[in-house]
Amino acid sequence: MRKQRNSTRRQFLGLAGGAAALSAVPIVTVRPADATPAMLAAAIRNVVGEAAVRPGKVKLDVPPLVENGNTVPMTVNVLSPMTSEDYVKSIHVFNEKNPQPNVGNFYLGPRAGRAQVSTRIRLADSQKVVAIARLSDDSFWSASVDIVVTLAACTEEVI
Amino acid sequence: MASALINVPKKAKRGEIIEIKTLMSHIMETGYRRTASGEIIPRDIITSFACRYNGVEIFRADLFPAIAANPFMTFFTVATESGKFDFEWIGDRGFSETASASILVE
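Quick mapping for you: the protein sequence lines, in order, are chains S and C. For the first sequence, the working numbering assigns the number 1 to the initial residue and increments by one for each residue that follows. For the second sequence, the working numbering assigns the number 1 to the initial residue and increments by one for each residue that follows.
Just so you know, these hints were derived from the structure itself, not from any lab. Idealized CB from N, CA, C, for every residue including glycine. Be a bit skeptical, because a hint or two may be false.
Cβ-Cβ distance ranges computed for the label pairs, FRET-style [claimed, not checked]: (1) S/P55 x C/S3: 36 to 44 Å; (2) S/V53 x C/S82: 36 to 44 Å; (3) S/G56 x C/A36: 43 to 51 Å; (4) S/A51 x C/K11: 39 to 47 Å; (5) S/R45 x C/S102: 36 to 44 Å; (6) S/E50 x C/A4: 38 to 46 Å; (7) C/G83 x S/T75: 22 to 30 Å; (8) C/G83 x S/A51: 35 to 43 Å; (9) S/K89 x C/S102: 22 to 30 Å.
Make the full structure from the sequences, and use the hints.
Rendered as structure tokens:
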């Protein structure tokens, strides 16, 4: 009698463990909730292709400590004379851990006068944000900032 | 329902670099949030924004769900001639809004 009770308990634990393992696996494989560094790298490759991305020339201005990830002010500034021969074609902003690696693409031209764009972004987690600028000679320059976010955006439940 | 706020200087000197600020009221639903019952709320965002100065495009942006609600955007241009700025926002579910502002260049 006693032995049987033990065995059912063991069976139950075994089944429960198995069920937990089974349900845990599909959650991990079916729903990649975060953009991984690999997705970030792929998104950057999509924009720059095979060209080299050098650090410098770009200034990414985001507060290092963010209380609310739902609206984070961001300013990207690129060192460029903005003449008809030497100007910034576009600025691309990426993130590491939101569900999607892209934040925004901004297309400027020599008529912009100053290569600077500001907007407000969402951050789902403490993470790295990368800004890449494409100049008129098709060279790419980048800057990145690590940001700590206390309240995450994007994925919370709607009440 | 949607409404835009535009800030363009009324007057500028020729060749001056001016700042343009725009804000469009929009929910920018990411498509990653769920209701209490677990259903995903479909994505509803503005996907593109463009600004034309006397018909010539001077600024364009592709927006993603990582742009905060009520997209706010600031950029610059050189005041070359008097005329009109046209702004256009295009998004999911047929969202399309325009706004304009005029400038006097001396």
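Structure-based check of all given hints:
no., hint, verdict
1, S/P55 x C/S3: 36 to 44 Å, "holds (41 Å)"
2, S/V53 x C/S82: 36 to 44 Å, "holds (40 Å)"
3, S/G56 x C/A36: 43 to 51 Å, "holds (47 Å)"
4, S/A51 x C/K11: 39 to 47 Å, "holds (42 Å)"
5, S/R45 x C/S102: 36 to 44 Å, "holds (42 Å)"
6, S/E50 x C/A4: 38 to 46 Å, "holds (40 Å)"
7, C/G83 x S/T75: 22 to 30 Å, "holds (27 Å)"
8, C/G83 x S/A51: 35 to 43 Å, "holds (37 Å)"
9, S/K89 x C/S102: 22 to 30 Å, "holds (28 Å)"
In summary, this structure violates none of the numbered hints.
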